[in-house]
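*Asks:* Sequence:
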Amino acid sequence: MQSNRHVMYVLKDTSARPAGKGAVIGFLKVGYKKLFVLDDREAHNEVEPLCILDFYIHESLQRHGHGQELFQYMLQKERVEPHQLAIDRPSQKLLKFLNKYYNLETTVPQVNNFVIFEGFFAHQHPPARKLPPKRAEGEIKPYSSSDREFLKVAVEPPWPLNRAPRRATPPVHPPPRSSSLGNSPERGPLRPFVPEQELLRSLRLCPPHPTARLLLATDPAGSSAQRRRTSSLPRSDESRY
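So for the sequence shown, the UniProt record's numbering puts the first residue at 1; every next one is plus one.
Because the hints were derived from the structure by calculation, they are not lab data. The reader is advised that the hints may include incorrect statements.
What the hints assert, rightly or not - Okay, the calculated beta carbon distance ranges per label pair:
1. 110 <-> 15: 40 to 46 Å
2. 21 <-> 105: 16 to 22 Å
3. 96 <-> 10: 20 to 26 Å
4. 106 <-> 59: 28 to 34 Å
Claimed, not checked - Here are the simulated DSSO-like cross-link-like pairs (lysine-lysine), alpha carbons at most 30 Å apart as the crow flies:
5. 21 <-> 34
6. 100 <-> 33
7. 33 <-> 93
8. 93 <-> 12
9. 21 <-> 33
10. 77 <-> 96
11. 96 <-> 34
12. 34 <-> 77
13. 96 <-> 33
14. 33 <-> 12
15. 77 <-> 21
16. 77 <-> 100
17. 77 <-> 29
18. 12 <-> 96
19. 29 <-> 93
20. 100 <-> 34
21. 77 <-> 33
Bear in mind that the values here come from a model prediction, so they are computed numbers and not experimental data. Built from N, CA and C at the ideal position, the CB exists for glycine as well.
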């Protein structure tokens, strides 16, 4: 009872002497609990009120004022008002009891098993502690800066350094498409446009083919003999004037 801060109030009849110890009329168990309750505006509040956890009067001794006597004694000892209490799962008989002796009728709807009455927040001691407002969620980012490193595009070196041999990668072919009407043939990716001046400059810088170089070295007079044979052919009459 001491570890969970619960207090048990017991009412007994000392005049009855079964075995010399008297007879128990009833008991009332109370304790402080941290609760989340709704106020009149349906806002959540964190409070720690005194709670009625159990209340019992023997059936043979009910309607004799013993319940009101025990309950009033508890209020004086705990120094609380009836509307400051929270009742755990009260029965209809207990609700009628509170309405009859303490005029507690209007309740504040809750989502838990505890019942509180009108005026609970106006005279709460200690005052109710409201929960801090929920922090607004920041803008959702698709990925962090570290995840974007692999998306950086590599800058291609200038010509002719970009002519260096590269490791061939197998082409990725799309799935074959139907050749029926209405489907155009597949086209490969377009090559970048090369300016004319740059194309001519690259052709001048290209060395001659090794085969042409070999023919010139083995038959240096071939071209002159071909010219002589061409010049020795008879000319037609139409060319003589």
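*Asks:* Looking back at the hints listed earlier, which ones does the structure fail to meet?
*Replies:* 2, 5 and 9
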